[in-house]
Each structure stands twice: as structure tokens, then as C-alpha cells.
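Student: What follows is each chain in one-letter form.
Number of protein chains: 2
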Amino acid sequence: MSHTAELIAVGTELLLGNIANTDAQMISEGLSTLGITVHYHTVVGDNPQRLSEALEIARRRADIIITTGGLGPTYDDLTKQTICKTFHRELELHEDILEEIRTWFQKRMQKKMPENNTQQAMLPVGCTIFDNPVGTAPGCAFEEGGVHVLMLPGPPFECRYMFENRAVPYLRQLTDGVIVSHEIRVYGMGESAVEEKLHGPMTTLTNPTLAPYAKTNEVMLRATAKAETAEAAEELLKPLVRQVREELGDVVYGVDVGSLEEVVSELLRKRGLTLSTAESCTGGLVAKRITDLPGASSIFRGGVVSYTDKVKSEVLGVSEAILSKYGAVSEPVARAMAEGCRRVCGSDLAVSVTGVAGPGTDERGTPVGTVFIGLASEQETLCRQYSCGRGRGRSRVRTSTAQNVFDLLRRYLLRLPLI
Amino acid sequence: MSHTAELIAVGTELLLGNIANTDAQMISEGLSTLGITVHYHTVVGDNPQRLSEALEIARRRADIIITTGGLGPTYDDLTKQTICKTFHRELELHEDILEEIRTWFQKRMQKKMPENNTQQAMLPVGCTIFDNPVGTAPGCAFEEGGVHVLMLPGPPFECRYMFENRAVPYLRQLTDGVIVSHEIRVYGMGESAVEEKLHGPMTTLTNPTLAPYAKTNEVMLRATAKAETAEAAEELLKPLVRQVREELGDVVYGVDVGSLEEVVSELLRKRGLTLSTAESCTGGLVAKRITDLPGASSIFRGGVVSYTDKVKSEVLGVSEAILSKYGAVSEPVARAMAEGCRRVCGSDLAVSVTGVAGPGTDERGTPVGTVFIGLASEQETLCRQYSCGRGRGRSRVRTSTAQNVFDLLRRYLLRLPLI
Numbered sequence: 000m001s002h003t004a005e006l007i008a009v010g011t012e013l014l015l016g017n018i019a020n021t022d023a024q025m026i027s028e029g030l031s032t033l034g035i036t037v038h039y040h041t042v043v044g045d046n047p048q049r050l051s052e053a054l055e056i057a058r059r060r061a062d063i064i065i066t067t068g069g070l071g072p073t074y075d076d077l078t079k080q081t082i083c084k085t086f087h088r089e090l091e092l093h094e095d096i097l098e099e100i101r102t103w104f105q106k107r108m109q110k111k112m113p114e115n116n117t118q119q120a121m122l123p124v125g126c127t128i129f130d131n132p133v134g135t136a137p138g139c140a141f142e143e144g145g146v147h148v149l150m151l152p153g154p155p156f157e158c159r160y161m162f163e164n165r166a167v168p169y170l171r172q173l174t175d176g177v178i179v180s181h182e183i184r185v186y187g188m189g190e191s192a193v194e195e196k197l198h199g200p201m202t203t204l205t206n207p208t209l210a211p212y213a214k215t216n217e218v219m220l221r222a223t224a225k226a227e228t229a230e231a232a233e234e235l236l237k238p239l240v241r242q243v244r245e246e247l248g249d250v251v252y253g254v255d256v257g258s259l260e261e262v263v264s265e266l267l268r269k270r271g272l273t274l275s276t277a278e279s280c281t282g283g284l285v286a287k288r289i290t291d292l293p294g295a296s297s298i299f300r301g302g303v304v305s306y307t308d309k310v311k312s313e314v315l316g317v318s319e320a321i322l323s324k325y326g327a328v329s330e331p332v333a334r335a336m337a338e339g340c341r342r343v344c345g346s347d348l349a350v351s352v353t354g355v356a357g358p359g360t361d362e363r364g365t366p367v368g369t370v371f372i373g374l375a376s377e378q379e380t381l382c383r384q385y386s387c388g389r390g391r392g393r394s395r396v397r398t399s400t401a402q403n404v405f406d407l408l409r410r411y412l413l414r415l416p417l418i
Numbered sequence: 000m001s002h003t004a005e006l007i008a009v010g011t012e013l014l015l016g017n018i019a020n021t022d023a024q025m026i027s028e029g030l031s032t033l034g035i036t037v038h039y040h041t042v043v044g045d046n047p048q049r050l051s052e053a054l055e056i057a058r059r060r061a062d063i064i065i066t067t068g069g070l071g072p073t074y075d076d077l078t079k080q081t082i083c084k085t086f087h088r089e090l091e092l093h094e095d096i097l098e099e100i101r102t103w104f105q106k107r108m109q110k111k112m113p114e115n116n117t118q119q120a121m122l123p124v125g126c127t128i129f130d131n132p133v134g135t136a137p138g139c140a141f142e143e144g145g146v147h148v149l150m151l152p153g154p155p156f157e158c159r160y161m162f163e164n165r166a167v168p169y170l171r172q173l174t175d176g177v178i179v180s181h182e183i184r185v186y187g188m189g190e191s192a193v194e195e196k197l198h199g200p201m202t203t204l205t206n207p208t209l210a211p212y213a214k215t216n217e218v219m220l221r222a223t224a225k226a227e228t229a230e231a232a233e234e235l236l237k238p239l240v241r242q243v244r245e246e247l248g249d250v251v252y253g254v255d256v257g258s259l260e261e262v263v264s265e266l267l268r269k270r271g272l273t274l275s276t277a278e279s280c281t282g283g284l285v286a287k288r289i290t291d292l293p294g295a296s297s298i299f300r301g302g303v304v305s306y307t308d309k310v311k312s313e314v315l316g317v318s319e320a321i322l323s324k325y326g327a328v329s330e331p332v333a334r335a336m337a338e339g340c341r342r343v344c345g346s347d348l349a350v351s352v353t354g355v356a357g358p359g360t361d362e363r364g365t366p367v368g369t370v371f372i373g374l375a376s377e378q379e380t381l382c383r384q385y386s387c388g389r390g391r392g393r394s395r396v397r398t399s400t401a402q403n404v405f406d407l408l409r410r411y412l413l414r415l416p417l418i
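Protein chains in written order, with numbering that gives the first Met the number 0: chain R, 0 to 418; chain S, 0 to 418.
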């Protein structure tokens, strides 16, 4: 049997634009991998009458209602009360949950539980309790007249935990079989080109399915299959993932991986190599992204942000003759930066970046987006020129440059053709 | 007269969780500064029947409906058609708009306009046209039975432009007076402490109003006033902004500014000073944030990411004796890093960061979140110890450390007490 869900987010802060409704995105993504169709998202303020009206509308058009928010201890947290009124359920006090909340306050906050937190221990009669180890508000679920109502807390961190660990197991019981999905990550091919190459499977397949997701500067595809067992689902996915790899070639940089820098870090770790970075226009962004990852110190030695010619020459040893002859944004400077960086940081490999991030051109009139990326190893130094960011501003030039650095490293380490 | 708005986002990609509904946040924030109350957000897929039902519900409970998305050229872009059907309007072809779209394709895409783009030049009879210089889909608005319906394109960049430059002027005509707001930025005081200090004005004021907005690692307050003229609104805001400054003190780092690093960059520029950075645990994040800002090269000389002792000693000149005696995460090393960085980069000021970002402690068992920040000038070197991130993981330690670096610089440059 197929299910239709509606998400109702409760919170005036959403209607004021203080925050975006990221809970809805997270839950929708999760529901789609469970094979549950979402027809509507609704956002309503901390207002019992309007919430009640939204619930009345939702129960007519969905058989799964998931609410987020309004489970807190204050007077404007009224989700449970309003749902119970609308669905004619009583609330009852759970002494054990009250005790847990009291303990939570003592341990985490080192203070006595304020009295109004008592209402968090009130839950609908006969509900499935979703206990909450990451906050004070438990969630819950019940079924009434064929409609399942699930209540989750609003803060994104709590909501994600409670959805993944409490709501998903509850919802799995309503659906038959197992759903498995894989994320295929693509860099170096635009979304429209990817869709053109995979138009067939994207539009015609029903199980498994293939769908594109927009990411900054890259494309992510999700392949999803439903079967009686995880093994059977994997069998359905295998040929699809293979087909995607064949159609797209080496722009597929990984399946179920976090990012290009994660792939590069893993490759370096496997080969026992270390890296250092010399950056001009990216100003530390490449080093920042490598060191975002835990355990970076085993593969990353350090970096130099050479924002002036003085730093390029005195720290990295780029000769002043080269700087004045070719200008800072040039292939010879990128090569010398990489070689110098490798030497001073004592790493196996070094990458360098010099380019024009904008908004203005450099003093030689080099256009915004022009970037040289160098790569030095013990054996050789190479350099590639890029045009990054396509006129979409400084931030895009920098992000896209960093992506190109990591893709160049990936290709170098895997001995793939360097684009 | 006060207005009530409902936002309807059209797009199956939102219901699949491919993207978050950031358009709704942006528009809601804008409407709140216009004094227009938003009661509901609705998200619906590319489905004419369900969109039509959503419109029927919305027209009963709002007098301003703003739709986003579904104005594109493909078969599933059906917002205009569905709205016209629901509100009994005809669509008519605008030859001049068609010509503009043709020209846009020739100029921007260097290709002939595909035939299905013709439908983008079809608009409701008698509507106000919102021409779109940043894309091909024009928006529009009309009034029917006391309800204003505004249609905006979905892609966030286009939507923001069209909202700010087309929808806002249209909506201003519906509201009396002028609304002015100021953003007050706060670092170094938690949201609950800020709310406690300003509980009075936040809960009792109606014009002007004061509302808190959640930001990463800081607090933003927005003061908004409505009056007949901008000058009169400013007069209403002045005492409120003064009161906030008095209540909160020097944790207010700016009004209508972009970020702490922007304030620091501006202070450096005014004083004609330059900066360099020596980073361990932040791994380039501080340099990255300074160089995110256009024009950074006038105040930023460069930086060193010293992820190993070798780089600390060979590039920054930190003595090996100090490193082995005190360990890399220590006050003497932070001081030596700042002094060395200032020397090799040739800057007036240098900041240094050494700490434990986690997930593990360092080899001496220093707890995650322990950070030393050094600051060297010609006259002196100082250092402060922090406990950053409060156990919320590597990313939070790094972000919070960078914030502390910029706040230390701000306080130093303004001769405020260093916390």
C-alpha cells in the first residue's frame, strides 16, 4: 500500500523568516527514500486555531502527518494539545518521562527542572513514545481513523536525530520491504549535461529510481531501490550504478562519499603521502576544507596564504624576477609556489593556487576567474589554467577554484587524464 | 489597513527534499519588515489540481498570495495557467516580452530560443508585469476580489532579485507609510542572556519592534519602525538602538554590518594597518574569512597554516625548545607564532591560533576546545586562552575560534577590555 504524507511545521519564527524550514527538507528526503510520497508542506505559527485548521485540511489529504516544533515547555508550545483536541485524544502524564527530564536538567544544566517542563511529560493516551536522548521534548505517534500522526521536536539537530532513529523505524512498519539508496557524486559535468546523458533511467525507471540533487558546484545523483531484503535491493542497484558510471565516466568521483576533499584525503592516506598548500586567491579556503575533516593531521603538513608578492618570494621562495616578468597570476608563479611550498612544508605533494577572485581584475587586466593551479611532487611539477566561477562573483570563483584543486589532485593520484 | 499573506511554493523538488524552501524564508523576512503578517507557508508539487486546491484554501485565509516557482518553460511549469484558471483570468501573449526572451537567448546562451519558451511571454490579462533582467521568466501580479496574487520565479537568486525590486515596490503601495529597520549584531553574549536583558522591549513594543534572529555563534537583533516618512521612522528607532547598546554594552559589535571580520577589516583600513595570520587548529579558516571580503588585499598580507611542528619552527621560527617544553597547544607557542608570522609576512599586526579542534585530544591530553589566540604588534604581544565550541564538535570549535580571533582583534583595535 502506498502512503501520502504531509509535513506541518509549527513555529512563528518560520513565518517571520528567522529560520528556513530545513526540517521539511530533511524529512522529505528521508521519506522519499522510504517510498512515501509527500504532497504538501505547511508552515503555521504558534496559534492553536490556525494549527487546528491546518490539521483538519491535512487529515483529508494525507494518511501520514508529521509535525515538527511546538513540543517545548513554554506557553506557545501547543502542538500536542492542539493535535489531541483535533483528533479527540486525552493527554496523560508519564511519571517516568518526567523523571528523565528532571535528571536531564540536573546533569546537563546543573539546575532544577522549571515547573512548566512538566507538560513535556504529557503524551496522548495510547501513543507510541519517541524518547529523546538529545533534548528534553519526547516525540510520539498515534493512529486515528487511518491517519498516522507523528510529532517531532523542531530544533534541526533534535529533529534529525528523532526522525532518523524514531520516526523512520515507526514508518518502516507501515511500508513493506526495505529501501536502499546510494549517492553518486559527480564533479566536472553540469547538471543539464548529466540529465541529458541519463534522461532514460531518470524518467522511465520506477524501481530502482535515479534522481538528481542540486549541490554547490557539483551534481549528486541518488539511486534508490525497494525490495524484500537489503541484498535484493542492492542487486537492483548494482546495474544502475554501473550504468551511471559508464555513461558519465571519470567525472564520477565517488559513491556514498562526503566530498571531493574527503576522496583526496583518503587517497593520500592509502598511499602514505602528505600534502601542503600555497594559496593566493582562495586565501586559505583549500587548507580550511582539508582541515575540516577529522584526522587531517596525518596527511596535511601545512600551508601558506601568499596574498602579497613579499610572502610569495620570502616564504615560498618565488623569485622576484619571475614575479615581475610574468605577474603573480601566471603559470611560472603557480609552479614556483607549489615547489617552494613543498620544500618549506616538507610534504610529498604541494598544490598552489594563483588567480583573480574579483571583483576587480589584477593590475595587468587579467579577467576575473582566471586561475592557475600548480602541483609539485618529487618527480615533477605541473600546472593547469582554469576559468572559474563564470562571472557569478568572488565567492563562486573561490569555491569553484577549490573544487578544481581537489579534482586535479584526485585525477593526479588516480592517474586519470587531467582536464 | 493590515494585510495577511500566504506563500505558496510550487515545485516537486521541494517535496522530494532536493532543496530547502529558502525563498519562503527570504520573502517572510522581507514581508515582516513591510509590516505584512504571514500566516501560512504552503509547498505543493508541480500538479495543477493540488496547486488549485492550495490556491482555493489560500484565498479564503489571506489577502496577499505570493507564489514562487513554476514559471519556467517546460510542461511541468504550470503556476500561471493554474492561477488564471482558479481566478478566472485569461492569459495573453506579450510580443515585446517574447522579443526580450529571444534576445536573452541569443546574447546569453548564444542559441535560438526554444519554442516552448513562448509560454513565458503569456501573462494574465490586466496584470502588473514584473520584468526579469536576471532570467527569462517574468513575474506578475493582479488583484481579484480583494486578493492580490503575486507570481515570482523559483530559483533563489532570481526570486530574491524579483522580490526586492518588483514585489516590494508593488506591496509598498498597499501599505501606508514607510518601514525602516536596523540590524544590531552581537558577539560574546548568548541568545537567552540577550533576551533576558531585553525582555521588556522585545515583548511589549509594537512600533518600533525588536526581534532576535538566530545566527551561527552570535545573535542578531532587528529593530523595525513604521512611520509616514523614513526620517520619522529613524526617529522612532534611535532611542531603541541606543537602549540596546546601553543594555548590552560592548558585545554589540556593529549596526547594519555584515560580520565581525568585516568590522575588523574596516578598522584596519581606517587605521592603515595590515594583518597576517598563523593558524593551527583553524587550518586556514581565519584567512579564508578575511579574504572572503572584496578588497582584502589592502589590509591582509598573508598567512601560514602551521599544521606540523616543522612548519611552526621552519616557517614561523618557533623554537623547538619551546615546542617540546610546552607543547604546540600553549601560550608560549601562540606568542611565538604571532611574532614569527608578523615578521615573515611583514604586517603591522599578526594573530595566531593554536588549539585542539578534536575529535581527539592532543598527545598531552589537552581537552578538545582548548585554544590559545596570540596577537603581535610592533609594541607588544599578548595571548588569551579560550574554551571554544562547548563539546559540539570539530566544526563548532573551529567556527567559534575564528569568531574569537576577530573579536579579540576588534577589542584590541578599539581599546576595549579584552575578554
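I should point out that these hints are in silico values taken from the structure, not numbers from a laboratory. Mixed in with the good hints, there may be bad ones.
Same chains, same label: a pair holds when it works inside one copy or across any pair of copies.
Unchecked claim - Dumping the calculated SDA-like pairs for lysine to any residue here, alpha-carbon to alpha-carbon at most 20 Å:
(1) K111 / E195
(2) K269 / E182
(3) K111 / G364
(4) K237 / T369
(5) K196 / G316
(6) K84 / S296
(7) K237 / Q48
(8) K196 / T73
(9) K196 / E377
(10) K106 / S296
(11) K84 / K214
(12) K237 / L204
(13) K196 / Q105
(14) K269 / G189
(15) K111 / R395
(16) K110 / G189
(17) K237 / M201
(18) K111 / A192
(19) K237 / D255
(20) K309 / G271
(21) K110 / G176
(22) K324 / T11
(23) K309 / V240
Student: For each hint, tell me whether it holds in the structure or not.
Tutor: We went through each hint and held it up to the structure:
1. K111 / E195: Answer is between; shortest inter-copy Cα gap is 19 Å, intra-copy 60 Å.
2. K269 / E182: neither (22 Å within a copy, 49 Å between copies)
3. K111 / G364: neither (66 Å within a copy, 32 Å between copies)
4. K237 / T369: Neither: 40 Å inside a chain and 46 Å across chains, both beyond 20 Å.
5. K196 / G316: Neither, since 46 Å and 54 Å both go past 20 Å.
6. K84 / S296: neither (56 Å within a copy, 62 Å between copies)
7. K237 / Q48: neither (50 Å within a copy, 37 Å between copies)
8. K196 / T73: between (53 Å within a copy, 19 Å between copies)
9. K196 / E377: Neither: 39 Å inside a copy, 60 Å across copies.
10. K106 / S296: neither (34 Å within a copy, 49 Å between copies)
11. K84 / K214: neither (42 Å within a copy, 35 Å between copies)
12. K237 / L204: Classified as within; 14 Å inside a copy, 61 Å across copies.
13. K196 / Q105: Result: close neither inside a copy nor across copies, 58 Å intra and 25 Å inter.
14. K269 / G189: Intra 30 Å, inter 43 Å, cutoff 20 Å: neither.
15. K111 / R395: Result: close neither inside a copy nor across copies, 49 Å intra and 28 Å inter.
16. K110 / G189: between (54 Å within a copy, 18 Å between copies)
17. K237 / M201: So K237 and M201 pass the 20 Å test inside one copy only (16 Å; across, 57 Å).
18. K111 / A192: Intra 59 Å, inter 18 Å, cutoff 20 Å: inter-copy only.
19. K237 / D255: within (14 Å within a copy, 53 Å between copies)
20. K309 / G271: between (33 Å within a copy, 18 Å between copies)
21. K110 / G176: neither (46 Å within a copy, 48 Å between copies)
22. K324 / T11: Cα proximity of K324 and T11: none, with 61 Å in one copy and 55 Å across.
23. K309 / V240: neither (50 Å within a copy, 44 Å between copies)
When each numbered hint is compared with the structure, violations occur for hints 2, 3, 4, 5, 6, 7, 9, 10, 11, 13, 14, 15, 21, 22, 23.
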